[in-house]
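Trainee: Take the two lone chains, each set in its own frame, and fit them into one complex as the hints suggest.
Residue numbers (this note's numbering), protein chains in the order written: chain V, 1 to 281; chain A, 282 to 662.
Be careful, since some hints might not be right.
[Stated by the list, open to error] Derived CB-CB ranges, DEER-like:
#1 V:F108 - A:F295: 35 to 43 Å
#2 A:K464 - V:Q97: 44 to 52 Å
#3 A:P370 - V:L269: 22 to 30 Å
Derived by calculation from the structure, the hints in this document are not laboratory data.
Note that the Cβ used here is the ideal one computed from N, Cα and C, for glycine as well.
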Amino acid sequence: MAGASRNGNGGLGTRALLWTLPVLLLTLYVVPFAGVISWSVTQPEVGFGQYWRILSGGDMTNVFLRTLRIAVVSTAITILVGFCLSYYWVMGSRLRQTILEVCIFIPFWISVLVRAFGWLIILRDNGLANGFLMATRLISEPLGTGRNEFAVIVGMVHFMVPFSVFPMATVMRKIDRRILLAAHGLGADPATVFRKIFLPLSMPGVFAAFVMVLVFSVGFFVTPAILGGGRVVMVAEAVFVQMFQTTNWGLGAAMSVVLLVLIGAIVGLAYRLLGLRSFVG
Amino acid sequence: MTSHIKMVGVSKAFGAFNALNRIDLDIRRGEFLTFLGPSGSGKTTLLMILAGFEKPSGGMVTKDGADITGVSADRRNFGMVFQGYALFPHMSVADNIGFPLRVRGVDKRERQARVADMVDLVGLAGHQSKRPQDLSGGQQQRVALARALVFGPELLLLDEPLSALDKNLREQLQFELKEIHRKTGTTFVFVTHDQNEALALSDRIAIFNHGDIVQIDTPERLYSAPCDRFTAEFLGSINIFKLKNPRRQNGSIIGEFGGQVLSAPALEGAISSLLSVRPEFLDVREAGPASDEDGVRAVLRAQVYQGGSTILKLATADGSELIAMRAAGQAPCVEIDKPVWVTWPRLRGRLIPENSLSREVTEPLTTTMGGTWKITSNRTA
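So that you can see chain A by itself, here it is in the shape it has in the complex (with noise of 0.2 Å):
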């Protein structure tokens, strides 16, 4: 894919506070790209940048190769779903659609033609002369997604667009949009908080932490290799052992954690003593590991039945906490509070660079000696 919108060293400081860091970006044409980050990590002031609503303190967005920092947000061409959608209260559904066409001076025939395909490819026909307040969240976002497409605009911002919504239809939506992307082609560039959501859509996610991109990379990759702690408890959970003595052996880091030597393959550069593994790659049982697995002793704590699958919380001797995910139809064969091993494949362990790549620290590491765990999604209906 080509380069299409590029961004060199953009900044942007309200007063004191920075709320970006010289950002690089490159947005590829026809991409499906998200900013993800905990409220406040800049992603929606970079939006803000990009839709040409905000000045940037300093650097450059360029456009095909076109300085356009400069350019006033109604000649950018650049669609826009706002959070909340702002949508004309005073027009119909089908006047809204068409208001980006008749700013632009396009005849009332073809105004009429393509609100008309719109308004078939989000699915609202028969709403066209409702005002949007007579339509549910979810319809009035489709007016908002086809109100921003109808000129055929090359970029397309969405600011949280589905964060208004209820469970199911926020995944519907996902589909929808993700189909919508598919058949225009258009480079979309999503904002959310939300890491499922980000998981589900993206063809690439950049995430934001303290007014800094941290990692940019295919979902995949920041799930399986994340660049740092930030990104691995922020994307999914995560058990996070911290070896005691850390050394190489053998293209392997192995290190001591409650009495057990860990090892996981070495990365390039300096010695972690990071070692994390993934829930769903914890087994919870009564035997040790065998030859080509490690583990580590802890009690069963509590079990959380989520239906798809169970939750198991553990807790090892020095308290810190483990969490593992065990699928449906493996019948929990373990009892609360009764001395267990916790296994994974060794191959499944991953050591993170514990010096961050982000400019600044991000989250401060906990005090704690031995493994944390995070759930960081917290959306369980």
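One chain only, chain V, in its complex shape (with noise of 0.2 Å):
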């Protein structure tokens, strides 16, 4: 026997290496999950009305298709941004790749709360970017940019871009120059081998970054919270409320089932799509 182990996958330590994790997810992660469910089915009484009140088409609809919206959106602009930011950075001269390197790190120091409350300070109806705009005359009162879905959708941005960045870059840079140089010889203009060669080549990363920024963003709480101001609640937030303000646990949990399932979709989506070979690289 002691022979079999030693032939198979390894010894004793090996095995409870293996099993770690899988056992802190059953204890930590999966069997409260299951009380959440239970919750979402019991509480105030047993059956599916939370559900119902979530699916109905009332402020609860609204929420999430709320967060799908704002989820939506602030992944595209991040796309979009990231992209051009893994162009530039992955096609640069040495100088402008650690520049680059240095601005995409430095947010990662700085707690998203700071960085929430800094965006609030810029975009408030008295703060800096109104303050700046109204004393050089270039409107005459503030643009009520503070405390709304623009506020939330800046500061989600700001926050996922770095994100974002890794993967498109990371595919970017394995483009081999000399595809690119080929197509150029062969009579492409550079707008040409951009669109036809440079995108096609890059979309593998495109599509991670995306599917991994919008499950980000559809359980984005923090940032929502302070640049929404209560006005822009989304799932999290409102899953919060549920449970420490008008202890409705029932309906919380019902609200966190539905929006695991959401996240589940996506990413199960991407995964027959895609394939989990493009996540990885």
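Mentor: Right, dumping it as structure tokens:
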């Protein structure tokens, strides 16, 4: 038996390491979440009433629709900005690459809370942006850029752009420069080389970044809570409110389950369409 | 043949490093011209300037008399085959080949017809819908060639296109390349560091060293009449005897080597002390030189059997080495370490100019007083 174990997947120590992650996931995530699921169909009474409330087209449906809208819009903007940044990073000279690396990494060191408050200071009615524009007489009254969807999207894009750069830059860096040179030499002008060669070859990175950022933004909490100021409530904040302020645990739990199903659907769809390999390179 | 592309005083500097020193070159219409030289000799840089990917630091490139120095690569209408092929991995074979036509706005029906013609020319029938990564190296090479020729370029540039292939396939593709050159009549400019490839394919070869074209001529003339020691040693193997006290006598140069008087027809200009003989002209035997022959004493050190021929390595009294080639069928008649004569017909001895014609000194000459040998080709399988 000892021999068989050695010939198999290693000894007891290796197997213990192998099982650590699944056991942790099971005890710290799956089991508690099973509790959440059970609340969603038992609180306050047994049945699917809470789910019906979410799907029936009332307030809660609006929260989900708003969340999806904000997520899709901010993801699209993030990918656009991140793509330009990745292109500029990968194709640049050494100096440009170094400067961009610093610019991409520094935001990681700053807490999401601090960054949200930073944007609040800039965007609110008596904040930096409106103050500057009014002082230069470009506008006569504040643009209303604080505490609305616009502010939430600005904050979310700012948070997610650095994350979107990595999958795209990794794929772009793997594109053989000689292929671009060949296309140019065979008669394609720079715009055509970009459209027909560079863009198709970087699409795996774009898809990977898109799915990652979309999943991320559907569950955003801090940024919309601060920059939305209670007027732009997204699902995560709504769950928080149901759980801790109105103590409607059943509704909060049902929303969590729907959110999880939504994210699972996005990931599953991406997996089916693109394959997991395009995410890990 | 008429002149097609002309390069006048083309130079290229990368920082303080001169990759090319004022190159003058006349490429003739329809010829197969090879740039041959060691790595770092400037041959690829010149190809990149020709293609329009690099801007020369000085000088001018003209096509049929018109200046094209500032014309970008996509407007030059030259085909190019890259080292490693650089095929588009997200396109099928047919789309790869059709790409140059698509960017030129050729309509779909004509595009398909011309792609089909190219597929036949390079022998890729049945592979049109495959992706490049599903093809073998030789097939990828053919796709790259078809893609570079499909739009009927006036000039085809090839950057070491065969270097990634194994020996047998390389030889087969050499024949195909030669055949395609004949069929299309396009001007080919081919870059390689493989002398055998250059000798096999080219109408003319330009020998590159340290950013200069040292000599440009037909393969036969380069091999039989190298203009300097670098060319002589770079193409094939050669034995070089440094003569003591070289002097003129009846239209020849004579001088001593290892106690023997050797001679060769004099060159124009200064007296040279470097007498060269190709290994295939050397005979190794016990009898001394006949009246129309020259010879030196040596001992046989080693023999290398190569199938079609045998390479003999010999050493002269002063320790310098000689290399002789014996065709198959001639039984080796000498024993290892036994004194023998190495002889050759006097007419086969050839002087090599000591002062290189190139503007820069090429390889530093070895300090051995006598002959030196060097096998430049070590690419025996």
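Trainee: For each hint, tell me whether it holds in the structure or not.
Mentor: Verification of the supplied hints:
1. V:F108 - A:F295: 35 to 43 Å: 37 Å Cβ-Cβ, so the 35 to 43 Å window holds.
2. A:K464 - V:Q97: 44 to 52 Å: holds, 47 Å
3. A:P370 - V:L269: 22 to 30 Å: Holds: the Cβ-Cβ distance is about 25 Å, inside 22 to 30 Å.
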